[in-house]
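Participant: Residue-level listing of the chains:
Number of protein chains: 4
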Amino acid sequence: MIRYNNDYSYGAHPRILSALTSINENSYGGYGLDPWCDMAADTIRTHCDRSDAEVHFIVGGTQANFTVIDAALRPHQAVVCADSGHINVHETGAVEHTGHKILGLASPDGKITADQIASVGEDYRTSPVWEHVVQPKMVYLSFPTEFGTVYTLDELTAIRSVCDEYMMYLYIDGARMSYGLASSETDVTLPDIARLADAFYIGGTKCGALFGEAIVLCHDDLKPYFRAAIKQNAGLLAKGWLMGIQFEILFRKGLYFELGERAVRYAMRIRKAFENAGIPAYIESSTNQQFVVVSDEVADKLAKDFVYEDEGRADEGHRIIRFCTSWATTEEDVDVLVRAIQGL
Amino acid sequence: MIRYNNDYSYGAHPRILSALTSINENSYGGYGLDPWCDMAADTIRTHCDRSDAEVHFIVGGTQANFTVIDAALRPHQAVVCADSGHINVHETGAVEHTGHKILGLASPDGKITADQIASVGEDYRTSPVWEHVVQPKMVYLSFPTEFGTVYTLDELTAIRSVCDEYMMYLYIDGARMSYGLASSETDVTLPDIARLADAFYIGGTKCGALFGEAIVLCHDDLKPYFRAAIKQNAGLLAKGWLMGIQFEILFRKGLYFELGERAVRYAMRIRKAFENAGIPAYIESSTNQQFVVVSDEVADKLAKDFVYEDEGRADEGHRIIRFCTSWATTEEDVDVLVRAIQGL
Amino acid sequence: MIRYNNDYSYGAHPRILSALTSINENSYGGYGLDPWCDMAADTIRTHCDRSDAEVHFIVGGTQANFTVIDAALRPHQAVVCADSGHINVHETGAVEHTGHKILGLASPDGKITADQIASVGEDYRTSPVWEHVVQPKMVYLSFPTEFGTVYTLDELTAIRSVCDEYMMYLYIDGARMSYGLASSETDVTLPDIARLADAFYIGGTKCGALFGEAIVLCHDDLKPYFRAAIKQNAGLLAKGWLMGIQFEILFRKGLYFELGERAVRYAMRIRKAFENAGIPAYIESSTNQQFVVVSDEVADKLAKDFVYEDEGRADEGHRIIRFCTSWATTEEDVDVLVRAIQGL
Amino acid sequence: MIRYNNDYSYGAHPRILSALTSINENSYGGYGLDPWCDMAADTIRTHCDRSDAEVHFIVGGTQANFTVIDAALRPHQAVVCADSGHINVHETGAVEHTGHKILGLASPDGKITADQIASVGEDYRTSPVWEHVVQPKMVYLSFPTEFGTVYTLDELTAIRSVCDEYMMYLYIDGARMSYGLASSETDVTLPDIARLADAFYIGGTKCGALFGEAIVLCHDDLKPYFRAAIKQNAGLLAKGWLMGIQFEILFRKGLYFELGERAVRYAMRIRKAFENAGIPAYIESSTNQQFVVVSDEVADKLAKDFVYEDEGRADEGHRIIRFCTSWATTEEDVDVLVRAIQGL
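Residue numbers (the UniProt record's numbering), protein chains in the order written: chain A, 1 to 344; chain B, 1 to 344; chain C, 1 to 344; chain D, 1 to 344.
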């Protein structure tokens with residue numbers, strides 16, 4: 001069985017594990033106050049072309065999301081996102097647990113538009129009963145989205161402009177950032193994200209690290225006391241250097257981008273194989289997640305050799321299934337899958 | 001100018017104010033521990049035909065809603081309601097502020113169906129990733145709804161049955177209960193509500209009282225420590241007897257029902273007048289709120305003599321406007337409005 | 001039986017009730033957007049000599065406290081108060097329920113000192129692990145305190161100065177403000193409070209109103225969106241004018257101050273009677289609450305004709321009991337109590 | 001420089017790191033649903049002699065604490081602990097952030113007594129104003145405590161008995177469990193803890209693991225939906241097997257206990273060295289943390305070769321400093337420190 005069901009099924013890139021091993025007998029200061037975290041933060045700032053950014057390392061993506069949101073918003077303020085946004089559907093209400101409403105926008109492909117956001121902003125601005133409704137104060141979007149789609153630079157720039165107009169923060173969930181940046185359907189770069197977003201995180205867990213995400217704070221208002229927010233939300237790992245060194249390894253020589261590119265290249269081979277086999281995509285994705293609509297018969301056949309994620313019924317007789325490549329996917333794995341698809 | 005914009009524009013029914021005056025020099029125990037609260041609770045239990053119910057008096061409806069929800073649910077549990085539900089759109093995220101997600105269901109007329117709720121329940125029950133999603137544990141519905149529509153006994157019974165099937169609480173917001181019970185389009189009675197709901201509140205503020213709502217707890221699991229929940233959420237009025245006596249006056253001789261019936265009778269005259277004038281209802285309402293779609297010209301004409309609530313644009317050139325009758329509406333007020341509509 | 005157990009046992013000053021009656025048939029805009037609230041806010045600003053203050057009316061004291069705290073603080077920030085502070089011991093954890101820690105300071109008489117606060121501030125400022133501890137960001141104090149004691153102008157000024165030094169907000173709970181201002185042991189005036197505090201509330205419920213408290217916001221940072229905070233915390237009364245007119249009546253001609261002065265004069269007669277009878281005060285109070293230590297025998301004797309509040313055991317054989325006067329206390333009531341004390 | 005400042009300065013025991021390396025190319029199901037977590041849970045249940053317990057792995061101690069507390073308590077319920085309890089002083093108000101008050105009990109040595117707890121329980125049970133105060137529903141204690149002290153079996157049994165009497169949960173923070181169990185001053189065993197506590201966690205981070213804590217739920221009421229609580233509080237690590245294998249390694253052959261015993265043996269050598277040098281303990285600790293009171297001169301001398309934790313001033317001229325041994329401390333490190341102490 002080859003696992004294609006997600007991108008967090010394997011440990012870490014070998015270079016990361018050997019780095020962790022090589023420093024295992026060194027001692028460090030706790031809670032992220034160590035040279036590895038300092039170095040990795042610098043490296044990330046350089047890659048972001050944003051020397052004024054604050055970088056914090058945190059264990060997981062859900063934690064990154066609600067910690068940023070909780071620290072940024074006042075109690076009556078809400079987050080705007082796609083109805084399929086991870087915070088809206090797969091985090092067990094963690095954002096609401098911190099007290100904030102999520103305003104979900106209809107989105108067939110996981111993306112939201114500047115116009116949709118502007119409409120929410122305008123409704124609030126012109127509301128005669130503003131004290132009775134939540135204030136949309138932050139836009140959350142995922143790059144790439146939960147469906148593997150990506151924003152173009154024009155789209156992101158338009159969203160930024162709407163955020164400015166309506167005084168909203170722009171926050172980007174980059175759990176799969178390496179795969180999004182490797183997409184051929186976007187011209188967005190990491191410096192673009194760092195220039196346009198007020199805060200974002202660069203995913204490690206799904207992109208080669210054992211665990212860990214790097215939160216990047218760009219807007220000055222979000223920086224003060226952020227370490228206290230992290231601690232209160234249980235994100236201040238005692239042995240913070242474990243994350244610092246991982247991100248240093250990932251970013252020092254561009255490994256992070258390489259891993260993303262390779263996984264996306266493999267995903268494109270799989271996408272093409274499905275296309276050639278006449279199996280339609282559920283949503284056209286240019287990143288490492290591929291969603292296809294298959295008959296129950298095909299689903300059963302593929303299930304013999306591959307673990308995929310079942311995303312539910314498309315209609316009577318057909319299912320939506322997801323295949324993910326990742327930094328851990330090998331050429332051989334892909335060959336086997338492609339052959340299997342060809343043989344359907 | 002005659003105010004039709006809402007049903008909380010006037011003080012209290014004269015009998016209530018004179019009762020408050022008559023006891024002003026009496027002293028009572030604080031925080032609802034007084035003979036008036038005891039008496040009113042008994043009277044309400046009798047009217048509900050539910051001797052085992054707990055009755056608590058609380059100042060406002062938003063407070064009643066989030067206090068019940070907060071006390072009933074564990075942190076990972078959510079409330080299901082119509083997307084137009086008051087808790088979802090007009091309480092500044094108060095429910096989320098207590099930590100709970102609201103799952104809004106599409107609803108053109110303010111009502112939700114047993115099937116919709118069953119679908120949410122079934123999705124959760126069969127979810128392969130239940131720990132990643134909130135648990136739908138309570139259904140919130142309004143009787144009458146925010147659009148003035150009402151559930152029939154069959155509909156409510158079906159919803160109860162689905163709640164049993166999926167182990168959800170059924171909670172009913174009765175801010176305008178007296179008007180809902182007076183509708184000719186439902187056969188639901190107060191004892192029906194008390195039999196089918198796990199908790200509900202009987203609105204005072206909009207139905208003749210100066211202020212105050214009566215929360216009725218039917219399910220035994222919701223009763224323990226509820227007074228602590230009220231205090232923590234600031235609902236334990238120091239001079240609780242002020243609410244006890246009001247509800248005693250409203251329910252002792254059926255005043256509550258009379259006031260509702262009269263206001264609905266007036267609303268039906270207004271509804272008929274609009275119909276006769278060829279002005280369409282936005283939503284067919286059988287209770288005290290009437291939503292109509294008027295041209296901007298008509299809206300402007302009516303605005304000269306009447307205060308109504310503007311609910312926004314229906315289309316270019318037309319607006320949705322709301323007229324509310326209430327316990328305070330007089331026959332003369334209605335005559336004036338009906339004549340004005342006829343004269344359009 | 002004469003009730004001395006608290007200061008919220010009676011309805012409202014007659015002038016208030018007749019004012020409410022006189023406007024009962026008038027209609028007003030909802031949620032505090034009405035001429036009475038505007039007028040009362042102006043009147044209060046004038047009495048506070050603080051034309052830039054925002055004034056909001058809210059139903060109860062617990063609600064006022066946690067709404068201000070919740071609106072003012074970020075999640076990692078805490079409130080400093082006396083360990084006997086009302087928010088710390090008698091509000092069912094309402095402040096923690098909004099997410100904030102209370103740092104209680106030892107206080108035998110209900111007061112805290114500038115030095116105590118400075119020590120908390122200094123500990124935080126110099127903490128090597130500041131992200132692991134809460135940030136003391138607000139000082140809560142009661143005027144008068146829960147034990148009836150009062151701060152002098154020097155004491156308050158020193159506290160203000162420490163708050164400035166450590167960047168803390170100063171918030172004053174004035175549930176019994178009228179009695180505190182009438183104390184002969186303080187030179188603090190309402191304008192002093194409005195000049196020194198960042199926010200405070202003027203109590204109505206215990207000082208002559210049927211219900212209602214007036215929150216006064218002085219610091220500009222606390223003003224934006226405060227009405228949204230009130231709504232989210234259920235404090236936006238639908239019929240807000242009910243509170244506006246009450247405060248207008250209380251403040252227009254100084255009734256608020258008169259009522260406080262009379263009640264305190266009566267309390268001083270009771271205090272003196274206890275002193276003369278050799279019954280010691282538990283705490284020397286110059287306001288309307290008198291705490292005395294009596295033998296069980298005396299407690300039993302007094303219980304025959306008076307309702308007082310039992311505050312628990314002082315030692316084997318002795319109890320601490322509280323007698324409150326209020327705006328509703330009559331000269332005759334006091335005569336009866338004083339004679340009873342003399343007869344012990 | 002040798003680090004003695006804490007017990008989380010080094011990576012992981014070599015056996016753990018090599019285990020992680022050996023499985024790095026294996027793929028597993030996500031979120032703790034994998035064979036390693038199953039196996040480690042079984043192993044822990046066996047060591048606890050409690051086959052009915054649920055075991056969950058979570059990244060950090062603060063997270064374990066507030067997740068258990070948040071899942072167990074209703075909004076009006078509070079946690080009782082020593083005023084020096086970790087949740088009360090070093091977790092940035094994380095427990096209050098979930099909405100719950102902490103009731104701190106005076107404790108010179110980090111321990112609380114059954115009598116203290118009973119007193120809190122009795123106060124609540126007999127309170128005439130129970131709705132105005134929080135309900136003490138859970139006892140939190142640390143084993144060993146933040147000062148390195150330990151409870152005896154008699155003490156723990158008495159506390160359990162009081163918890164039963166007052167219907168409180170007993171929760172034990174075992175961040176340093178291995179060191180507590182190795183103390184010569186307690187007869188408490190892991191099965192004792194599993195028998196007496198309703199929930200507890202076994203610390204990995206400070207006891208040999210790279211990271212991770214094992215929550216053990218004993219009381220049936222705490223088990224349902226706990227994985228949802230973990231996810232909502234960001235504790236559901238995507239690659240859960242990383243924690244499963246670590247705990248399997250620690251517990252399979254008793255490594256966990258060995259590491260604790262060795263570190264405590266070393267700590268006792270250090271304790272004795274200080275005693276012999278006439279340097280008094282701040283608190284007598286029989287576990288891996290040693291607190292001593294030294295002159296500023298001595299503190300400066302020791303600071304040349306050792307990193308210790310400065311715990312603040314004891315008096316003018318003296319400081320309290322902490323030396324921690326850990327699983328990573330070597331015999332040589334201890335020799336060097338002991339010689340340095342002898343040479344003072």
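Keep in mind that the hints were calculated from the coordinates and are not lab data. Please read all numbers here as calculations on a predicted model, not as lab measurements. It is possible that some hints are incorrect.
Calculated pairs, BS3-like style, for lysine-lysine (alpha carbon to alpha carbon, straight line, at most 25 angstroms) [as the list claims (entries may be wrong)]:
| id | chain 1 | residue 1 | chain 2 | residue 2 |
| --- | --- | --- | --- | --- |
| 1 | B | 223 | D | 223 |
| 2 | A | 272 | A | 304 |
| 3 | A | 223 | C | 223 |
| 4 | A | 301 | A | 272 |
| 5 | C | 301 | C | 272 |
| 6 | B | 272 | B | 301 |
Heads up, incomplete: computed chain A residues facing chain D, CB under 10 angstroms, no partners named [to be verified]:
| id | residue |
| --- | --- |
| 7 | 21 |
| 8 | 39 |
| 9 | 241 |
To be clear about the criterion: a stretch of chain C counts as covered by chain D if any three or more of its residues have a C-beta under 8 angstroms from a C-beta of chain D, and this derived list gives those stretches [claimed, not checked]:
| id | stretch |
| --- | --- |
| 10 | 49-58 |
| 11 | 119-133 |
Heads up, the beta-carbon is just placed ideally off N, CA and C, and yes, glycines get one too.
Participant: For each hint, tell me whether it holds in the structure or not.
Facilitator: To see whether the hints hold, each was checked on the structure:
1. Distance check on the hinted pair: residue 223(B) and residue 223(D) sit about 23 angstroms apart at the alpha-carbon level, within 25 angstroms; holds.
2. Between residue 272(A) and residue 304(A), the direct Cα distance comes to roughly 21 angstroms. Compliance with the 25 angstroms bound is thereby established for this hinted pair.
3. Between residue 223(A) and residue 223(C) the alpha-carbon distance is near 23 angstroms, which keeps this suggested pair within the 25 angstroms criterion.
4. The suggested pairing of residue 301(A) with residue 272(A) holds, with an alpha-carbon distance near 19 angstroms, which does not exceed 25 angstroms.
5. Of the pairs offered as hints, the one joining residue 301(C) and residue 272(C) holds, with about 19 angstroms between alpha carbons and a cut-off of 25 angstroms not exceeded.
6. Distance check on the hinted pair: residue 272(B) and residue 301(B) sit about 19 angstroms apart at the alpha-carbon level, within 25 angstroms; holds.
7. The interface hint given for residue 21(A) holds, since its Cβ lies 6 angstroms from the closest Cβ of chain D, which is under the 10 angstroms cut-off.
8. Nearest Cβ of chain D to the Cβ of residue 39(A): about 17 angstroms, over the 10 angstroms cut. The hint is violated.
9. A cut of 10 angstroms between beta carbons decides the hint on residue 241(A): the least distance to chain D is about 9 angstroms, and the hint holds.
10. Coverage of the stretch 49-58 of chain C by chain D is violated. Counting CB-CB distances below 8 angstroms, 0 residues qualify, and the rule asks for three or more.
11. Counting residues of the stretch 119-133 of chain C whose CB lies closer than 8 angstroms to any CB of chain D gives 5, so the stated coverage by that chain holds, three being the minimum.
The structure fails to meet hints 8, 10 from the earlier list, while all remaining hints are met.
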